[in-house]
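Engineer: What follows is each chain in one-letter form.
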Amino acid sequence: MFSSLPLLSILIWLPVLGAMIILMTDEKWAKRIAPAVTIITLLLCIPLYLGFDTSTYHMQFQENKLWISAYQIHYSLGVDGISLSMIILTNFTGLLVILAGCEAIKKRLSQYMAAFLVMQGMMVGVFAALDAILFYVFWEGMLIPMYLSIGMWGSANRSYASIKFFLYTFLGSILMLVALLYLYRVTGTFEIQKFYGLHLPLNMQILLFLAFLLAFAVKVPMWPVHTWLPDAHTEAPSGGSVVLAALMLKLGIYGFLRFSMPIAPLAAQQLDWVMIALSLIAIVYIGLVAIVQTDMKKLIAYSSIAHMGFATLGCFMVYDIMRDTGNYHYAYLSIEGAVVQMISHAFGSGAMFLGVGILADRFYNHSRLIKDYGGIAHKMPVFAAFFMLFAMSNVGLPGTAGFVGEFMVMLSSFYAHFWVALLAMTTLVLAAAYTLWMYKRIFFGPVANQYVEGFRDLTWIEKTNYTLLAIGVFFVGLYPAFILNILHASIGYLLSVSLVGV
Amino acid sequence: MANLLLRNAALVIMLLPLLGAIIAGLFGKNIGRKATHTITITLVGISFLLSCYVFNVVVLYRLPAIDAPIYEWVSSGLFHFNVGILIDRLSAIMMVIVTFISFMVHIYTIGYMSDDPGYQRFFSYMSLFTFAMLSLVLADNFLVLFFGWEGVGLVSYLLIGFWFKREAAVFGGLKAFLANRVGDIGFLLGTAAILTFFNSLNYNDVFSNVSTIIGKNIFVLPNISFSAITVICVLLFIGAMGKSAQMPLHVWLPESMEGPTPISALIHAATMVTAGIYMVARMSPLFEYSDAALSFVLVMGATTCFFTGLLAVFQYDIKRVIAYSTLSQLGYMTVALGVSAYDASIFHLMTHAFFKALLFLAAGSVIIAMHHEQDMRKMGGLALVMPVTYVTFLMGALALSAIPPFAGFYSKDAIIEAVQFSTIKGANYAYFCVLAGAFITPLYIFRALFLTFHGKSKIDAHVDVRESRWVILIPLILLAIPSLIIGGMFIGPMLFSKPNLLGNSILILPIHSAMQQLAEHYEGAKKMALEAGKHLTLWLAIAGIVTAWIFNSAWPAFAENLKKHFAFFYSVMIRKYGFDDFNQIIFVRGFRRLGEFLYDIGDLKFIDGYIVNGCAKLIQWFARVSRHVQTGFIYHYALAMVLGLAIFLSWTLLGR
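As they're listed, the protein sequences go chains Z and S. Mapping the first sequence onto my numbering, position 133 (from 1) lands on 512, and the numbers just tick up by one. Mapping the second sequence onto my numbering, position 131 (from 1) lands on 138, and the numbers just tick up by one.
Wrong hints could be hidden among the right ones.
Straight-line distance between alpha carbons at most 25 Å, and here's what the computed BS3-like set of lysine-lysine pairs gives [claimed, not checked]:
| # | chain 1 | residue 1 | chain 2 | residue 2 |
| --- | --- | --- | --- | --- |
| 1 | Z | Lys842 | S | Lys612 |
| 2 | S | Lys612 | Z | Lys819 |
| 3 | Z | Lys758 | S | Lys172 |
| 4 | S | Lys172 | Z | Lys444 |
| 5 | Z | Lys758 | S | Lys541 |
| 6 | Z | Lys750 | S | Lys36 |
Some but not every residue of chain Z turned toward chain S, in silico, with C-beta under 8 Å [as the list claims (entries may be wrong)]:
| # | residue |
| --- | --- |
| 7 | Trp446 |
| 8 | Ile447 |
| 9 | Tyr450 |
| 10 | Gln451 |
| 11 | Tyr454 |
| 12 | Pro603 |
| 13 | Gly705 |
| 14 | Tyr711 |
| 15 | Leu712 |
| 16 | Pro777 |
| 17 | Val783 |
| 18 | Ala811 |
| 19 | Leu815 |
| 20 | Lys819 |
Since the hints were derived computationally from the structure, they do not count as laboratory data. For glycine and all other residues, C-beta sits at the position ideal for the given N, C-alpha and C.
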């Protein structure tokens, strides 16, 4: 019954439309329209989920219109299990960000709401696009509202951060465009699915892989192209940080899964040791760096990079496992772990960034420095309890979202390599050290100063947001089979095309 | 049918405390203190009664083990990770112990925490702990085990740091969590190795296929490999070392005493710290096949048993004495595991749970009376003021010192004799350690007893010391009774009857015959107590008590003299062998330095400074330099054109 509706198009363009209307009205209306739009889009995800057939890997809810005939560029949309779960996550996060913004943003509220609505629409577009050029358009289109949000609502050093963010990500994606044009020359189409299984020569695959790598590695971000993220996070408004952490980083992993691995499987196999090494650097090196951060947002940003290391590790361990053991099941476990990590990380880290926003909003100069806080647990017990839950998810405690993906990746990596698993498992200690040490300094101890003394506990909007996130954390942590059931077929297919010729 | 009933009963036992925790945690402030403790205590009480029922059915009616999956947590490829519970003799016994101690401590808490603002939160945590511990005990696979494992770790962290205004408490919590996590690396690696070799995390699948992996190796380096089963067992045991505080991962347990006393009794004496012991006993079908791993377990346990016991002698904080004593007793249990006397280990775990919880709660009663003073140098002469506390503490001390017929005598003696009979590598060393421990144990606990309850009172005159309230004393009495009788009552059924209480939950290979030989020498509990005088251990224990009396009551100057003569030894003891300093310098400071180095040099200076901003600077520089060409004077441009033309011309003409 819902298949007659162009659900994906609605999910992309409704927020954009809402943004336009908001820009034409005043702030009072913005506060009503923006949440309404995000609630509607989140509700529209329900038919999307219910109508989705989990037994097939084929793209569903397809829409296809010729867009630019000269180059056979189509406006072509569709979802498989991976993009479906990411789209639902995008709409969920969108609601949280808009709700948080209603309270936290004091200047240019309408523009803020509009920017984040457009961002949400573009991001759904990225996940739904089946045409490479359309993908590229959304991919770049999403940068603009993010750039604006950092530049306009960010803190002191925002212009440096926003330029750095823009140049970094933009430079990365230029090479991706070149790769896409090459693939068009080979296949005569921009349909992403037609790029799979081409049996391109190895040296060509390596060039393609490297071109995609730069684009996606910047997004993930992987060491050493990660330094934009801490800056962007610290300067962005907390809504921007949430979107960055919960969604934008995942685009890199999504890119690896959609482009790098299935298009250049031989190259991925040749270069998997680079990717594994970079992932381990992310986990260990970045984990150590996170410990010494003095700025809360920077600390959580670094912790995000470290957690994303598990996602990339899970993706590329596949090749290592296949080469060393040939056991398909462990490869499957590994890549599913990576995808689960990519989804589950959104809850804990998003919630923690929201938390920093909650604290900074209450502090007279919006400080994010850990040393300015202390003893928050006395003044905001409800907040402290929530934050403990999210911190534990970040630490990877079983029963919370943060555990599932890491556990799967760790188990499968041991199968191929003892040392890779051992290094990856240092995160058990490192993540606990940086997260709980930060928690200790912010929440425990005596009340730090008179500003903290005046803090009030969560408002009802903040409570709503946190309750939603807490449900997410527990749901994913206790019943990940729910997500995995959506993913199985799609990942199976993706894995099979990613192993062509390997 | 009976299986379903039992499964549901076990689920209810597990979930009731969770329900209590949720009610107390979310609505505690609304429903008030009385409702909070009534609800949580009732729920834990029901859990205890149901546990007794399950124990009754499983053990007395000799039901085979029930492995009941509840739901599928993750499926991926051929792997199915379920959430499920295993009800057998071992988990039934553990369930009774956990819920009983938890029940007692819940009641005790009414008195202990009565004027604390975090009353409801405390009850919520304790019930949550009970839930986590029960899920650990009831797990039917490594996943759920790890869930409970981390769950108890979390609650322990929260409860140590319960008084979060105090720096030391928060620090202690963090330290506990991190030390446990170091062990968890071992545990998770072990779990991953299990999956690698068995393709399943379910106990049943693993234990029934152990024979298939014998002879297989794990390659740690291309040319270096170890027997898979040994690697698995050692890795799992490293996890147990974290949780059960074996050297060198023991550093967190003394620090955990910063938490309120009820949880020291519940978590850091009776239940959580024995999780590692329980786990190894549960894994007996694995450990039995690796003598190397068993030897490792034995040596680590023996070392912990002796060296931490020694430290207890030099502590002045009453809770820390008992904490070090817990370490030492955990060492005994570990030693028993090492000599394949799993039943004896669980037996000691059981008796220890009662008498150590008793000692902690009695110490807590003293601390409450002293208005949160824990330094024994400021106590003394309390026996007359607090008679009930004194008598119960004394009973706990006698049980701990293995004086017949108290419970500790039976369990500890069984362990010591099992070590004597064992032929495994390291058994001689372990035998020395456990015998030395038999002397040290009464020494430190009676030292504490004399300092606290005997001698001249050193209490400030204006401190009003009184016997504690009944809610505190009743749990003491209820724990003192089992501390007296449970040993003699259970030694037969637990260790020597066929099948014994643990029955088929434990596997012992015939080559590890320590328990077998022990059974051959056993002639009933009564005779064992009466003939205790024939064994060295009783005389060592009595010597310990006498020494404690000489040093602390009869001739204190002698102790002071010794201190001066053995100043170096004394300073080593006071510094606790330097573990804390070592960790602080090498790990805490070292890793922070490393992190700072990587951040300052790697991220800020190199990547951002040279590469990212370097690119920007390069472009800036280039623009600045090239800007000078754009002078705006027409003759400069004319000159450039002429020059360019000349060069181009000469290149085309001469180049050919």
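Engineer: Run the structure past the numbered hints and jot down the numbers of the failing ones, going up.
Structural biologist: 1, 2, 4, 5, 6, 7, 8, 9, 10, 11 and 13
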